[in-house]
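Trainee: Residue-level listing of the chains:
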Amino acid sequence: MSSGPPPFQRFLDAYRDDVWRFLVASVGREDADDCFQETFISALRAYPRLRADSNLKAWVLTIAHRKALDVHRARAHHALPVAEIADVADGAGRSSSPAPATDETLWHAVHGLPNRQRSAVVLRFLGDFPHRDIAAAIGCSEEAARRSLHEGLTTLRKELPA
Amino acid sequence: MSTDIEQALRTGPNDAREQAAAAAGRLTERIAADGLADVSYAPIDSPFGTLHVAVTRRGLVRLAFPEESLDAFLERLARKLSPRIVASPGSLDPVRRELDEYFNERRRDFDLKLDWALITPFARRVLRMTAAIPYGGHLSYAEVAAEAGSPRGARAAGNALGANPIPIVIPCHRVLHSGGGIGGYGGGPDRKRYLLEMEGALTPRRL
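Chains S and W, in that order, are what the protein sequence lines are.
First residue of the first sequence: 261, per the working numbering; consecutive thereafter.
First residue of the second sequence: 233, per the working numbering; consecutive thereafter.
Worth flagging that the hints you see were computed from the coordinates, not collected in a lab.
Values in this document were obtained by computation on a predicted structure and should not be read as measured data.
Misleading hints may appear alongside valid ones.
[Stated by the list, open to error] Residues from chain S shown here face chain W by an in silico Cβ test under 10 Å; the list is partial:
#1 Pro-266
#2 Asp-273
#3 Arg-281
#4 Val-284
#5 Glu-290
#6 Ala-292
#7 Asp-293
#8 Trp-319
#9 Asp-363
#10 Leu-366
#11 Val-381
#12 Phe-385
#13 His-391
#14 Cys-400
#15 Leu-413
[Stated by the list, open to error] According to the in silico footprint, chain S covers these stretches of chain W (three or more CB under 8 Å from chain S):
#16 250-259
#17 262-272
#18 311-317
#19 415-427
Ideal Cβ positions, reconstructed from N, Cα and C, are used throughout, including at glycine.
So here's chain W without its partners, still in its complex pose (with noise of 0.2 Å):
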């Protein structure tokens, strides 16, 4: 009987994985509000399926694709930003209809805040130019680069696009090729090209 009282003392309470997972709910909750993370994130659906994206106390710092796992996703926002990162769907609530908006085409401008934290000096001139173009244009690589005073030119230019870490709200989507090719993204040419098609930059199937 003794190793009857030490196995219920090992099996431990009744009903305790639902209710643990309600704690943790309130738990998020309350970090999120009372501003204890460095880092809130949430999925948020979009017509690409499902994408991850994070916000820090500046602003939106990361939007990843669904071929990112979100293992990947949480690793490097760890090491790059800070450890204290938790799961908060309401912290994402203005990125989320924000995105939602673009993507029903009711709004051609995100007026999000953003945290630049993850890009490099190099890549901030580039995307801040890329940033700049509007809804519906485009520019190639190379006037991009001109245009933030890259001495290593086009090619630095796109290596600076393709490591975006907030892709669609950073249109690097609009930056193409200067003999009319669609050039690489991030998300894919397919995405790409969705993006611009939808924004009306590209006549269907020009490209």
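Isolated chain S (complex conformation) (with noise of 0.2 Å):
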């Protein structure tokens, strides 16, 4: 019988918003759909070559981990001053009260780790990828990758108020 994956359509309102959650948290709302159109057209292209056990979820989020690095990547080549990220960010928030660790605030602080420790932050808590798949998606070791998830949760905590 067919091995094929299901119906893309199945696969997009499957995943969707695992992929929005996640890329939100990873680069924030602005270039979240761009990297989410960007995802899912990789996807689309590479799907009928996928096997029906394939796990579609790390598959999927593991190709939105890649859009969303390049994301950080040029930014870093733009070196945008840091208010000015914040400013637009803010304006697609609510009011700036100093309510602890609201949504933005909680992403904010998450944008703003360095990319293996937000890479491992967001596969694990937004993906809930076990430290093998982790590791697998950064390209680095098992040991590496929980290193980075503790630095990552470590750096959170001093950042956000309790």
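Reassemble the complex: the two chains are provided individually, in unrelated frames, and hints are given to aid placement.
Mentor: Listed below in structure tokens is the structure:
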């Protein structure tokens, strides 16, 4: 019998929320849509070669992770002043009351993490990846992945009000 | 407090669902506009209820009656044609327009391009013959079989008609029993009668 993947529309329906959340957490709302489009276009191109028993969620989030890294690399290249980034992102959020750890402040802090730490944190908590798969997605050892995750969480705890 | 942060991370961003749905809508529009899908589909309203209709780059490939679940419809297309299938109402606009006109008795012939990919070579001969039966006309199973050069006769022709993947547009409802019986129909005999009466091929209640 056929061992192909499910109809693409069903795949999109099933994982669009996971990919969107993952991307907002990784790059913010401003860039999430471009990344979302590129992630699923890449997925569509490779789609017929997939096997029915592939882990579709891990596969599409691994693609999303690469697209998000591209955004961060481009940002580092353009070196936008930090304050400017914060202004743009604040405009999309609620008024800047000094509330502790609102949605926007949390994701700001996540975006500001070094690439590896951010990758480890979003793959772990939004992608639900085990350490082994985080290591594979980042391209490092499992031990290094654990360390990046720990460092990322430590940084977030320091930066965010209790 | 560390668990609070972990919990917040797990919960993810606010308002994600609506935004994800909107992003997915933009995506499928772009996929359709750039011709990246192998199959596009959409629901189309009709007097029979909601039909599911699919097109490829070649043309109309499938029309399903409401009894067929959307999942079964999509799975079959994925298996037989390609899993690169997206919902794209815009791609189905010409089909929707012609079906509306047909059901409103403002159209007698369809001008749609057809994709015969789901039709076997023998069924193709039978259905091409069927596609040539004019609006308001009808043939018997035996006549269609003979014209299609079917060595297997009326029964084989009946099977080919029953498996018609594009009913209504390929008018298999215009093939009847030679004895005057209405015969079978993939969408049920009531719908066959409805179409034939609308086309004026039957006087109401003759059959």
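Trainee: Does each hint hold? Answer for all of them.
Mentor: Right, here's what the structure says about each hint:
1. Satisfaction of the interface hint for Pro-266(S) is found here, the shortest Cβ-Cβ separation to chain W being roughly 7 Å, below the 10 Å cut-off.
2. Evaluation of the Asp-273(S) hint against chain W yields a held restraint, the C-beta minimum of about 8 Å falling below 10 Å.
3. Evaluation of the Arg-281(S) hint against chain W yields a held restraint, the C-beta minimum of about 4 Å falling below 10 Å.
4. Because the closest C-beta pair between Val-284(S) and chain W is about 4 Å apart, less than 10 Å, the hint holds.
5. A hinted interface residue such as Glu-290(S) counts as satisfied when its beta carbon comes closer than 10 Å to some beta carbon of chain W; here the least separation is about 12 Å, so the hint is violated.
6. Nearest Cβ of chain W to the Cβ of Ala-292(S): about 8 Å, under the 10 Å cut. The hint holds.
7. With a least beta-carbon distance of about 5 Å to chain W, the hint placing Asp-293(S) at the interface is held under the 10 Å criterion.
8. The restraint placing Trp-319(S) at the interface with chain W is violated, with a minimum CB-CB distance near 14 Å, outside the 10 Å limit.
9. Proximity of Asp-363(S) to chain W holds as hinted, the smallest CB-CB distance being about 5 Å (cut-off 10 Å).
10. Residue-level restraint check for Leu-366(S) holds (minimum Cβ-Cβ distance to chain W is 5 Å; threshold 10 Å).
11. Annotation: Val-381(S) was flagged as interfacial toward chain W, and the flag holds, the nearest CB pair being 7 Å apart, inside 10 Å.
12. The criterion of a C-beta within 10 Å of any C-beta in chain W is met by Phe-385(S), whose closest approach is roughly 4 Å, and the hint holds.
13. Of the supplied interface hints, the one on His-391(S) is violated, with its beta-carbon coming no nearer than about 15 Å to a beta-carbon of chain W, more than 10 Å.
14. About 20 Å separates the beta-carbon of Cys-400(S) from the nearest beta-carbon of chain W, more than 10 Å, and the hint is not met.
15. Because the smallest distance between the Cβ of Leu-413(S) and any Cβ of chain W comes to about 7 Å, under 10 Å, the interface hint for this residue holds.
16. Coverage of the region 250-259 of chain W by chain S holds in this model, with 7 residues showing a Cβ closer than 8 Å to a Cβ of that chain against a need of three.
17. Closer than 8 Å: that is the beta-carbon criterion, and the region 262-272 of chain W has 4 residues meeting it against chain S, so the requirement of 3 holds.
18. Coverage of the region 311-317 of chain W by chain S holds [criterion: at least 3 residues with CB-CB distance below 8 Å; count 5].
19. Residues of the region 415-427 of chain W lying with their CB closer than 8 Å to a CB of chain S number 0, which falls below the three-residue condition for coverage.
Figure legend: structure checked against the earlier numbered hints; hints not met, in rising order: 5, 8, 13, 14 and 19.
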